[in-house]
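Colleague: Sequence:
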Amino acid sequence: ELEIFNRLSGQVPRIIFVSSESHRNPRTFDLEGFGEYREFKIGKVMELYGHYKLLMTTFANELSRRLNPGNVTDYSVFALCPGPVNSNIAREAPKIFQPLLKLTFSIFFRSPKRACEPVIYLAASGDVEGKAIDYLFLMSRKEMDEKATDPANGKTLWGGSEKLKGKILDT
Numbered sequence: 291e292l293e294i295f296n297r298l299s300g301q302v303p304r305i306i307f308v309s310s311e312s313h314r315n316p317r318t319f320d321l322e323g324f325g326e327y328r329e330f331k332i333g334k335v336m337e338l339y340g341h342y343k344l345l346m347t348t349f350a351n352e353l354s355r356r357l358n359p360g361n362v363t364d365y366s367v368f369a370l371c372p373g374p375v376n377s378n379i380a381r382e383a384p385k386i387f388q389p390l391l392k393l394t395f396s397i398f399f400r401s402p403k404r405a406c407e408p409v410i411y412l413a414a415s416g417d418v419e420g421k422a423i424d425y426l427f428l429m430s431r432k433e434m435d436e437k438a439t440d441p442a443n444g445k446t447l448w449g450g451s452e453k454l455k456g457k458i459l460d461t
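When we follow this note's numbering, the leftmost residue of the sequence shown carries the number 291, and every step to the right adds one.
Keep in mind that the hints were calculated from the coordinates and are not lab data. One or more of the hints may lead you astray.
Mimicking EDC-like on lysine to aspartate or glutamate, the simulated pairs with C-alpha atoms at most 16 Å apart in a straight line are [unchecked claim]:
id : residue 1 : residue 2
1  : LYS437    : ASP320
2  : LYS392    : GLU407
3  : LYS445    : ASP320
4  : LYS453    : ASP364
5  : LYS457    : GLU326
6  : LYS453    : GLU322
7  : LYS437    : GLU326
8  : LYS421    : GLU433
9  : LYS421    : GLU329
10 : LYS432    : GLU322
11 : LYS455    : GLU326
Here are the in silico distance ranges between beta carbons for each label pair [claimed, not checked]:
id : residue 1 : residue 2 : range
12 : LYS432    : PRO303    : 22 to 28 Å
13 : PHE399    : LYS331    : 22 to 28 Å
14 : GLU322    : LEU393    : 15 to 21 Å
15 : THR318    : PHE398    : 38 to 44 Å
16 : ALA380    : SER451    : 31 to 37 Å
17 : PRO359    : SER430    : 25 to 31 Å
18 : THR318    : ALA414    : 22 to 28 Å
19 : ILE410    : LYS457    : 23 to 29 Å
20 : GLY360    : PHE387    : 49 to 55 Å
Glycine included, every Cβ here is placed at the ideal spot set by N, Cα and C.
Could you build the full structure based on these sequences and the hints that come with them?
Modeller: Following this line, the structure appears as structure tokens:
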């Protein structure tokens, strides 16, 4: 049905992943423990965040390769980093620190309204029509980390995702 709609509308469907520049932080591409809960301490939060954003960005690349196997773009797959967003993430912080955190976030972090601009751009702009894959950092095009674009990593992640899906569906 979707393929018929695409042909009739003349539009290429767009899939958008909200990733992060943190996808560049992991030194290696690692699937050990993929799909398993990991205990972690606060000091590991950013490391794990970068790891999962690398997996997401790698998945976006592999999805694009699989949806667009030839030279024709049937689906556009985009990833973006909106930058730091003032999303009230510190709401669970101790009450004594919340005023300082709210002030810091309001000064240095983008509002959700502003942070969604690249999502709207990728969803609606004619500038990206027909592109198979693209990545925006804030509102500027940027190359993704080579670990995320490596086809071998994409294939490994896809296989791991299929195994994980099988485990979940079999239970």
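Colleague: Does each hint fit the structure? Answer for all of them.
Modeller: Quick rundown of the hints versus the structure:
no. : hint                         : in the structure
1   : LYS437 to ASP320             : holds, 10 Å
2   : LYS392 to GLU407             : violated, 22 Å
3   : LYS445 to ASP320             : holds, 13 Å
4   : LYS453 to ASP364             : violated, 26 Å
5   : LYS457 to GLU326             : holds, 11 Å
6   : LYS453 to GLU322             : holds, 13 Å
7   : LYS437 to GLU326             : violated, 22 Å
8   : LYS421 to GLU433             : holds, 14 Å
9   : LYS421 to GLU329             : violated, 39 Å
10  : LYS432 to GLU322             : violated, 28 Å
11  : LYS455 to GLU326             : holds, 12 Å
12  : LYS432 to PRO303: 22 to 28 Å : holds, 23 Å
13  : PHE399 to LYS331: 22 to 28 Å : holds, 24 Å
14  : GLU322 to LEU393: 15 to 21 Å : violated, 40 Å
15  : THR318 to PHE398: 38 to 44 Å : violated, 30 Å
16  : ALA380 to SER451: 31 to 37 Å : holds, 32 Å
17  : PRO359 to SER430: 25 to 31 Å : holds, 29 Å
18  : THR318 to ALA414: 22 to 28 Å : violated, 36 Å
19  : ILE410 to LYS457: 23 to 29 Å : violated, 36 Å
20  : GLY360 to PHE387: 49 to 55 Å : holds, 54 Å
Violated hints for the displayed structure, listed by number in ascending order: 2, 4, 7, 9, 10, 14, 15, 18, 19.
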